[in-house]
Each structure stands twice: as C-alpha cells, then as structure tokens.
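Undergrad: Chains as they are written, first to last, in our numbering: chain F, 1 to 80; chain L, 1 to 80; chain A, 1 to 216; chain U, 1 to 713.
In case anyone wonders, no lab produced these hints; they're calculated from the structure.
These numbers were taken from a predicted model, which means no experiment stands behind them.
You can trust all of the hints, since none of them are fake.
Simulated pairs of lysine-lysine, DSSO-like, Cα-Cα distance not exceeding 30 Å: (1) F:K10 <-> L:K51; (2) F:K2 <-> F:K79; (3) F:K26 <-> L:K51; (4) U:K197 <-> U:K322; (5) A:K2 <-> A:K80; (6) L:K29 <-> U:K327; (7) F:K51 <-> L:K79.
Simulated restraints, written as ranges between beta carbons of each label pair: (8) L:L69 <-> U:G32: 29 to 35 Å; (9) A:D27 <-> U:R581: 55 to 61 Å; (10) A:D27 <-> U:N395: 54 to 60 Å; (11) A:R167 <-> U:V686: 29 to 35 Å; (12) A:D27 <-> U:Q80: 21 to 27 Å; (13) L:L69 <-> U:N592: 50 to 56 Å.
Note that the Cβ used here is the ideal one computed from N, Cα and C, for glycine as well.
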Amino acid sequence: MKIGVKILPKNEVLDTQGRAVESTLKAHKKDVYQCRVGKYVQLEMGDLDEKSALSKAKEIAEFVLYNPLIESYELEVIKQ
Amino acid sequence: MKIGVKILPKNEVLDTQGRAVESTLKAHKKDVYQCRVGKYVQLEMGDLDEKSALSKAKEIAEFVLYNPLIESYELEVIKQ
Amino acid sequence: MKAKVGIVRFLGTNCDRDVYQAVADIDLRPEWLWFEDQFDPKEFSGFILPGGFSYGDYLRCGALAAKAPVMKSIHEAAGKGYPVLGICNGFQILCEAGLLPGALVRNEKRKFIDRWVELKPETQTKWSSKARAVIRLPIAHGEGRYYAEEADLQKLWDGDQVWMTYRENPNGSLQNIAGVTNKNKNVCGLMPHPERAMHEWMGGSDGRVIMESLLG
Amino acid sequence: MMSELDAKLKKYRLSRDEYRRMEELLGRAPQGVEWALFSALWSEHCSYKSSKVHLRKFAFKSPRVLQSMGENAGVIDLGQGEKVAFKMESHNHPSFIEPYQGAATGVGGILRDIFTMGARPIALANYLCFGEPSAPRMSALVDGVVAGIAGYGNCVGVPTITGQTEFHSSYNNNILVNALAVGLFAGDDPVVTSQAKGSGNLVVYVGAKTGRDGVHGASMASESFDEDSESKRPTVQIGDPFYEKLLIESCLEVMKRDLVVAIQDMGAAGLTSSSFEMAAKGGVGFRIHLDRVPLRDSTVGPEEILLSESQERMLLICEPSKFDAVKEVFHHWGLDAQALGEVWDGPEIELYWRGDLICKIDPRLLTDNAPVYERPYHPWTPKNKKAKLSAPELNLPEILSSIEGTSRRWIYEQYDQRVGAKTVRDCEDSVAVVRLPSGRGLGLVLGARPHVMRVDAQIGGYDAAFYPALELAAKGFQPLALTDCLNFGNPEKPEIMSEFVAAVEALAKASKTLDAPVISGNVSFYNETMGQNITSTPATGMVGLRDEVLKIPRSHFTIAGDNVYLLRLPGVELLGDQMGRSQGFTGDLDVNKVTQFIATVKDLALTDSVHATRVCGKFGLAYALYRMCTDTLGVNVGSDMDWTKEKLYEVIFVGTDALEGSLQKAASTIGAECLKLGSVQEKTFVLGKRSFDLAQLHQSYRNGWRMHFGQLA
Ligand SMILES: Nc1ncnc2c1ncn2[C@@H]1O[C@H](COP(=O)(O)OP(=O)(O)O)[C@@H](O)[C@H]1O
Ligand SMILES: [Mg+2]
Chain F
1 MKIGVKILPK NEVLDTQGRA VESTLKAHKK DVYQCRVGKY VQLEMGDLDE KSALSKAKEI
61 AEFVLYNPLI ESYELEVIKQ
Chain L
1 MKIGVKILPK NEVLDTQGRA VESTLKAHKK DVYQCRVGKY VQLEMGDLDE KSALSKAKEI
61 AEFVLYNPLI ESYELEVIKQ
Chain A
1 MKAKVGIVRF LGTNCDRDVY QAVADIDLRP EWLWFEDQFD PKEFSGFILP GGFSYGDYLR
61 CGALAAKAPV MKSIHEAAGK GYPVLGICNG FQILCEAGLL PGALVRNEKR KFIDRWVELK
121 PETQTKWSSK ARAVIRLPIA HGEGRYYAEE ADLQKLWDGD QVWMTYRENP NGSLQNIAGV
181 TNKNKNVCGL MPHPERAMHE WMGGSDGRVI MESLLG
Chain U
1 MMSELDAKLK KYRLSRDEYR RMEELLGRAP QGVEWALFSA LWSEHCSYKS SKVHLRKFAF
61 KSPRVLQSMG ENAGVIDLGQ GEKVAFKMES HNHPSFIEPY QGAATGVGGI LRDIFTMGAR
121 PIALANYLCF GEPSAPRMSA LVDGVVAGIA GYGNCVGVPT ITGQTEFHSS YNNNILVNAL
181 AVGLFAGDDP VVTSQAKGSG NLVVYVGAKT GRDGVHGASM ASESFDEDSE SKRPTVQIGD
241 PFYEKLLIES CLEVMKRDLV VAIQDMGAAG LTSSSFEMAA KGGVGFRIHL DRVPLRDSTV
301 GPEEILLSES QERMLLICEP SKFDAVKEVF HHWGLDAQAL GEVWDGPEIE LYWRGDLICK
361 IDPRLLTDNA PVYERPYHPW TPKNKKAKLS APELNLPEIL SSIEGTSRRW IYEQYDQRVG
421 AKTVRDCEDS VAVVRLPSGR GLGLVLGARP HVMRVDAQIG GYDAAFYPAL ELAAKGFQPL
481 ALTDCLNFGN PEKPEIMSEF VAAVEALAKA SKTLDAPVIS GNVSFYNETM GQNITSTPAT
541 GMVGLRDEVL KIPRSHFTIA GDNVYLLRLP GVELLGDQMG RSQGFTGDLD VNKVTQFIAT
601 VKDLALTDSV HATRVCGKFG LAYALYRMCT DTLGVNVGSD MDWTKEKLYE VIFVGTDALE
661 GSLQKAASTI GAECLKLGSV QEKTFVLGKR SFDLAQLHQS YRNGWRMHFG QLA
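Turn these sequences into a full structure, and let the hints guide you.
TA: Below, the structure is given as structure tokens:
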C-alpha cells in the first residue's frame, strides 16, 4: 500500500519558490493565478490495509514530515 | 480550477532525501519499505474547464516544473 | 579544571570541528556529544549545536536532527537553565525541536549567501554578556530567513526575546531577525557564525564576544 | 559475421586495432564481461592513451614531492610536519547534460581522490568556461553548474575559496567544469596509497549502493558529442554530499587507525577501474564476488555492476583480523562495509557471479598494456605573432560591464568560503589563502587564460604556470607545485594535437624553471561538439607557501596617499580577442627572465612598505587599476599610458615612499622597468587626461552580471 503526502507552505510570505515560478511563467506568457511549491513524499507501507496505512502515514507525517508552523499537509491513497 | 503536480525522482535514480528520511524513520521504529521525496506544485488556473486546465498544466510542468532526466510527474485535478 | 562545553554532532554536521577549535581557543574544554547518546548536563557549563547541514538539510533543515536521542538531554539541560547555543543549522534544529520559537525558511532570493554582515544585539542573554553595539560576523546559509506568525513576532519583541538583528537584511528575515532567545535567555539561536570570526586573520574577531560569554 | 563484430566494437567504443591488440594479449577472442572491461579501461578517459607520451614531459625530481602522477592525487611536503594533497579534474560532459548533478558529482569525485590518500579536504576551487550568455541553454547551464558546486561543497563542508570563470563562443556547445580539491595531512596522518597487498586480505566495498548510474560513462566521456548523444544517455548520477561527508569521516578514521592496507574511490568506470588498478599496482590478484555488491535495484547485472558509476563508493583492502573494527567505524557513521572477496597471489582477477567464475584475467593487460598512441602533430609555429600591435581605444565602462570583465560575486556568494575556519583570503581576492595548523599560509590560485591560449598555445602554456606563480608571488608566496586539467578538443585532429603538445611542453618547461612540479592532473579530450572544438584550455591550479598570514598584501587600495607603482618585465605584449577585438602578440617570452621576475616580486611583496599588489591581466593596466578601487578609494595616475594592452608580465605595487627605492633597485637588477604611476586618492579615478566617476564605474562592474544574466540575478 502506497500513501502520498502532499505538503504545501502555509502562506504566501513563505513561498519564494512559488513566486519565482509564477514570474517565470508570466515572463513566458504561461500565467497562472497562483502557484504554490511544496513537497511530495511517497511512502511505501507494505502489506497494510488502507485504514492502518493511512493512520501510520499520518503518524509519520506529524512526527517529522511537516512543520505545522509553516506547512499544511494532506494524505492520499495511491491506487496502483 | 486547481491542478496538482506531483513530482518524484525517477525509480532508477538515487533519491538522496528519501534515503535519509527512510533511515531516520527506521531509527525511530517507524519503518516504511520505501520513502521517496519529491515536489508538490499546486497551480491555480482560474476559469478553465478540466481538460484545458490539465493540458495547460502539462505544458507548464514540462516547461519548467520538472527535470525529465531525473524526475517523473503526474497531474491531478483538485476537487474543492 | 577547565569547564567542559558539550558540542553536539549529528550525522552530517560540518562546523563541529570549527566550534570545537573556537571553544579550545578561549581556553575552555570542548567535548563531543554524539547524536545517539544522552548525557548528564551537570558535567557541563554549556552546550553548542554547531552549524552545517545535519542530514544534508534533507526534507527540512534541522528536522531530522531534532528527533535524535541527544535532543532529550538538550531539552533537559535547557529546562534547567544551562546555556545552549544553536549556530546556523544548530539554530534551525532548536526551532524544529521546539526549544526556540519560529522557523528558518529559504532565503528570499532562493540562493545560498556567504557574506560578512553587521549585527545589532537587541538584548543581553547568557550568550552575550559582553556584547557591543555592533558586531561583524559571516553568514553562510540558504535557509536563514526567520519566520514567525505576526502575533508571535510581537510577543518576541514584547518578551525581549529578539537577540540579534541584521543592520542590512541579507535574506528577507522578518523584522531583520538574525537570532532569538527563549524566555529564560539561556537558549539562543543565531544564523551567523561566531566560530568563523575568532581571530584577525579570519577577517575579524567579534565572534569571541559570544564564545567568551561562557567564561562568565 | 564481420558486421556483428563491428556492432560490438561500436557498442564498446573500441577500434579494430584495439580489438587485434586484445586478441593478441589474451591469446584468444575476448568474451563476456571482458568486453566491458576493455571498453572502460582502454577508454581515453581511463587509459590516457593519446596523452601518455606527452605527460611524461612533466616529470622531474623534486625532494618536496611525496606522491606524484599515478596516484589518486599528488602530495607535497611543506615541512614542519605538514603535507598537502591536491588535484584537479574535469566533469565537462556530464555537466553539459545535467548541469546541477554534473557539477555536483564533479566536486564529489575530486574530494574522494583527496581523502582516499588520507588527507582531510580543506579547500575547493573551480575553473569554469561557459559560452556566450545568449547561447541556447547557457543561463540555465551557468545557474545549474554554480548551484551544483555550491550544493555539494557547502553541504559536505569544504570551503570553495577561489575560482575562475571564462566566457567564449567556443564553449557554446561544450562547457568546461573543472574542480580542484586540496587536502591536508596534519601531524602523523599517514599517506595511504591504492596499492593492494597481502594474499588473504579482504577486498571491501563501502559507501552507497550500486545502481545503473552512468554505466558506460568513462567511454562516453571519451567521445565527441553528436546528435545522438541524447539517446545514449545513461542514468544520471546523483551526488549525495551528506553521504560523502559520512564517507570522509569514516575513511579518514580507518586510515588514521591503520585499519586498511590500501584504498581507492570508485570513480570513472567504477568498480572495474578501482579493483583492476589496485590489483595491478600491487602486482596481486583479486577474487571478487560481484553478487555481494550491495545493490539499489536487484535487477542490476554483473556487467552493469562492473561499470556503474554510482557515487560515494570506495574500495578498500584490509586484513581479515581488522575487518570487524573497520565495519564498526563505518557503522558508527551510519554506513555499511561489505567484503566482496579477497586478495590472492594472482596475478589474475577472478570475477564470480552467483558462484560461477565469469572472468579470469590479468589486470595488467587492461592497465599497463593499454594502447598508447603517438597522435600526429606539427612542431609549434606561432600564427598570431605581429610586428606591432595597435592599442584599442579605452572604453572602461564597457569593459567593466562586459561578461568577461564584470564581477563574479553572483557566483561565489553562493559558495561557503569559510567552513573549516581556516580561510584567510576568500574568493574576493586574487589569491585564496588558508591558514595551516603551523600558522603558515597556503596560497591557491588557478591558471590558464583561454584568451591567451587563443592568441598562442605555446605562450598560453607558459602562462598557465607563470601567471598563477606571479599572482602567488605578488602576495609573498613561494610557488610550490601545480596540478592541471588539460581540456582539449579531438586529439585525432593534428591541429588540436599540435596545440596540446605545444601547451604541454611549455607548461612543463615553465614548471621546471619555477621548480614547481606538476604533481597531479587530468586530461579531457574530445571536447568537440558537432565538429566545433573548444579553445584549448590547460587549466592549472598552483599552491604556494608563506610564513605568516597577517601581513599579506591586500588586493585593493587601503590608505589614501599611498604611492602606486608599476613593475614591468619587457617581453611579450598581447591583445586578446575579448569583446570582438582582433588578437595577436609581439615579442618573445624568456622563460628564465620571467622566473627571475617572479622570484623578485615575491621578495618585494614580503617587505613591510607594501600595502597592496595586483598582477595586471585581462584588458591591461586600466582594468587592473580599477579592480583595486574600493567604494571610497581610487587612484590618480598623472600621465597617459598604454591602458589596454596586456604585458607579460607586470605587477602593480601600492605602498609607502620607502617602497620606491627597493622597487627601483630590484628593477635594475633584473632588467625590469619601474614606473611611479600616481597615488591613492579618495573617490577619484583619473588616468592621465581622463577622469572617471568612480561610483559609475562601480555600477558598471557590479551590474554587468545582471545585464547578461537578467533572469538569474
Ligand atoms: N567559479 C568561481 N568560483 C569561485 N570564485 C570565482 C569563480 N570565478 C571567479 N571567482 C573569483 O572572482 C574573482 C574575480 O575573478 P577574475 O575576474 O578572474 O579576477 P582576478 O584577476 O582577481 O582573478 C576572483 O578573485 C576569483 O577568485
Ligand atoms: Mg583569477
């Protein structure tokens, strides 16, 4: 079972990368309204059912993968 | 319309961050089989339908977001 | 007998030997503390978490190191009022470990910056009893931009917890913050590197102001 | 039948002659993995087959040299118990394909060459040649290469203290990325070699697991780029500076504790080159079980294991009784050590895969018996020698904002220049200096100036040693030794080979007269893309020594009122093709005179009356004077001079009145000229009849980079 952890910076003050991408896109006439750049972590959990995989992933995310002061996260189950 | 771009190091390419996170998790008895660390980009595309949003996101991803030599990516439509 | 100063080494820490030398230079006794071990703070007069890419700065600077077993002892020492200093990556680790408020995020221009900067000490701490009006130290970081939510920033100023500010902001730090301290002023974090400014031949010796505060 | 052979030869990048030689040496046709072994070890990159006969010209005896060419890095003795190892290496092709990882792994590779000798890396430098800023991909290449060097060096914790960055259209499709590293042996640190010894000793693999990274990389690097290079791409090698840091600490520890017999990094051609070279040097054989190699991906097969260039791996030989201690050290640093097999009397290397012997071969067939070529070349005849050069108009603001002339701060601000706490002078200075434990200064400068090479390969070759030696001398350092990285085009073309031979012979002669031997180096041929060859670029790195570090002359003006002098050796005058000027030179270069000039400059630079010095270089005197200005201090030169031509050689001295006498005396002794140019003044930049606004000049110099690379700055 694979779980994806999507992590995004909380507010735009922090997202210098997102802003840089926005301005590159603008310079090349590929504007978007907003671009946010964060992290994607894929956890291969082995033989767990969906529920236990999600709960273990949540534990891991909160243990170390994200910093609540500056980031928010979301989990997803990855279908093969 | 929001599109998410999930970017991960290609399978055959060494993932330096994933390797370090994996061993930290192991040291804390939170083992996973594998951990890959990449980027997550969220594009706010405005008033586009799903199909055009996806095709514009694809163009953007290939233009600037990912490095085809070492990374692969996937798009997702983000439901509000 | 000279007082022992504990210097914490994580995997990847790369300013460890420099801090060791700086402590020896002011005639104190540096002693290594390994990330997997714990220790009794009583044997030490202070602790330093050196700078430099623990765990490659992977995931988030300082995040992986903050979970190491040695941090339990650092927490304990901090709680008991021992002087604890985090330099650069050490500062990031202290923030990630919750020992100091705020976070250090990527520089505004997204590039690593190596440069000498001028700093203004804003308050006295256990690490700056002899501080002057302005000190000059080198910075070397890619993620040194101090961030805290607005209300928390106000609390920092109100609580006299802003330790040092940049005279000219190099990295986009909120309110020019270069270093902060905890309420007790025994735990301090600083982005610039005092250990790289210990002698005239290094280009300046203002780093002594900070290291020598351990001499009491 | 024949075409099958041809296909095989093409795949393994071997020639028909080489095939015949393989048959002869083996007494039969090559089979199985032997193809891969020959392909890797007989590649230009590993075998130096086109350069070997000429590299011998560098050899001369010097009591200072402890290790020289043939080992992973050269080592010199500095006296007082201190020794340094240093070496320079190219990573041109990989950096053009993937600039960040290419440059990063270049830094990682050169560091391994240093610490594998037992030296702790203390400094890095990089020599970069890029194309025109407007060339396709160029700004991304610049951005990626610099970020890669910074990313690796900063994280691994070795300061980057100097560098050189050149721009020219000849590099548009073939950039150069050369990295240099210096390592220090302090106290009784042993110098460890790669010579395997001792039947029954273990062959041990340490570091990262093996993947398919860079398979066939060595033979790729030995080929010109063509349009289908794109499709031949192997898996990109990813560097992990964090892992390298752990390797440095653990390897130094096992060497210091005398737990290993020999050690070598797995660089180009990975396990193959390390094991075959170690065995051949020691005159022993190995038995290696390839299936014991730790893999990142279980589908990697024996041939790929042999050729993989996965980063951050080392091979070491240890006595069986010490293996547990070795394992413990690596384990402490979070790494694994895995025994692959053992040393035996040999002389063959036996390779096993899942119990079967798949190859048994004498390693010397692949190393000592690699082909050697005398590629055709012509004796050197100068093409650009002129009777007279007319000086171009001085347009200083234009020069200062040109890509050749503008500030490199954007680059070096991204490098940690001070980690290690030894840096005395950093990238801002023309000579970088680290302080040795004895309190003495070790100076480091890079040399080779492509614009001089384009004027004349022979003068350029001399200059590749003399210019850095003079820069060291101007700061009071005794030049000690050189490393080089010879970047050239296709050696099968006689005009390229002629430049190679001319430059190598000139460099060898200059190094001999300076008594500064070339102790290590690297050759990078085939820097040719679609028929276009790069400027022949024999990059060098030179180290020098000085007794103390507090009185080193500055590179900029320090005190208003100081006198400004010029010490000039008559000889060669030169104009480079920068900014579209036509090029050429006049006069002859007298090797002995230049050497004497350098020695004199060094003695003068040690006198107390000297406050600042600078060697004049690109763009001539006016540019050099500008580069000495600070925000507040400039210079007033009374009379008009030749502002734009380059003279080989001249040095600006700045200091008190007392300086004049010693300069005059020295000048007359060695047949040089000494001119008093003027004096240091606040906020002034006056050259004869012209007066410039210093603040505006600073703007040109500082904003130039942004003009050319707007999106980066
Ligand atoms: N790639 C680089 N890495 C580090 N430092 C560099 C690099 N390129 C240039 N520099 C630094 O920039 C400064 C200016 O370079 P250059 O124009 O060649 O002047 P100089 O004549 O002083 O060497 C030098 O001191 C050099 O150390
Ligand atoms: Mg230079």
